[in-house]
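**Student:** Chains as they are written, first to last, in this note's numbering: chain A, 109 to 328; chain B, 3 to 84.
Worth flagging that the hints you see were computed from the coordinates, not collected in a lab. Please note: incorrect hints may appear among the correct ones.
Label pairs and their calculated CB-CB ranges [to be verified]: (1) A:C218 with B:V38: 25 to 33 angstroms; (2) A:K144 with B:A23: 37 to 45 angstroms; (3) A:G259 with B:Y34: 31 to 39 angstroms; (4) B:D37 with A:E327: 53 to 61 angstroms.
Some chain B residues flagged as far from chain A (calculated, every beta-carbon gap over 12 angstroms) [what the hints assert, rightly or not]: (5) I4; (6) K5; (7) L47; (8) A55; (9) K59; (10) R79; (11) I83.
The beta-carbon is built from N, C-alpha and C at its ideal position, and this holds for glycine as well.
Each chain is listed here by its residues.
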Amino acid sequence: MKAGVIVFPGSNCDIDAYKVLERLNVEVKYIWHDEKIDDEDLILLPGGFSYGDYLRCGAIARFARALENINEHIEKGKLVLGICNGFQILTELKALPGALLRNKNLNFICSDCNLIVENNGTPFTNLFNKGDIVNFPIAHGEGNYYIDDDGLKELINNNQIVFRYQNNPNGSVYDIAGIVNKRGNVLGMMPHPERAQDKLLGCEDGLKFFNSIIAYFKEA
Amino acid sequence: MIKAYIDVTLKKSILDPQGTAVKKGLKKLGLYAEDVRIGKHIEVLLKEDKIEAAREKIEEMCRRLLVNFEVETYSVRFEVIE
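Chain A extracted, bound-state conformation (with noise of 0.2 angstroms):
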């Protein structure tokens, strides 16, 4: 499995991102926003304020030269995986539905963050049980995730949701944490697995997060 994580001006959980997975033995690669992706397995879009978040937050990273090709790279059945602003860069793209909206109560919110694991059938989430509880910090101002009633039917219809808030931080509809597209190959979410890799850093949820990652390409 062969993992890339794309670095745009701004990013600033690109670092924690590449860690985790060369930690897990990954063989992974920063992209910088001007080059191309290439083959890889994953592409993980790191959280952040990518090209300042001018505009609107991921509104301009969706024209980077590496994000030119990522259409297909979905298509072919790849992952993606979008953190905070990488979720944010994803609904831009219109790869996922929905927007993220100035958070309810309008603070900037790092803290940590229970989430209930909806879906356990995505490639992203396999090792865990539905309905288990996991900690990843949340660290944003923009998450709340706004889809219209359709959508919302339409998420729930297709087993698109993926991981919902225990406590609502944000104001997101219906506790919307995070998402995959139909195919269940991109997932965006707001919460910080990367963040959530070690003890020492309060807590290491996260690995089961990207375990079950290396699992799935073990499995195919």
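Knowing the structure of chain A, use the given hints to seat chain B on it.
**Tutor:** Chain B in isolation, oriented as in the chain A frame:
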């Protein structure tokens, strides 16, 4: 040339926490507002000299980048610059 003044706002159905916070701030100053909504103002200068051509261009810009129609809407007015 034509200057386009674009106002991008959240759709009516979307809660605007910024507007709500500002409304509360006004109230603390003794200034009561029924409602406050906050949006973005964008000015675009175009080399076109016909409003219709400018409108077409602005519509495309809004559709493809300036506005996220999932949650936003916009209005635009034009000014001919001599």
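**Student:** With reference to the structure, classify each hint as holding or not holding.
**Tutor:** To see whether the hints hold, each was checked on the structure:
no.: 1; hint: A:C218 with B:V38: 25 to 33 angstroms; verdict: 27 angstroms, holds
no.: 2; hint: A:K144 with B:A23: 37 to 45 angstroms; verdict: 43 angstroms, holds
no.: 3; hint: A:G259 with B:Y34: 31 to 39 angstroms; verdict: 36 angstroms, holds
no.: 4; hint: B:D37 with A:E327: 53 to 61 angstroms; verdict: 54 angstroms, holds
no.: 5; hint: I4; verdict: 22 angstroms, holds
no.: 6; hint: K5; verdict: 19 angstroms, holds
no.: 7; hint: L47; verdict: 17 angstroms, holds
no.: 8; hint: A55; verdict: 24 angstroms, holds
no.: 9; hint: K59; verdict: 18 angstroms, holds
no.: 10; hint: R79; verdict: 20 angstroms, holds
no.: 11; hint: I83; verdict: 24 angstroms, holds
The structure meets every hint from the earlier list without exception.
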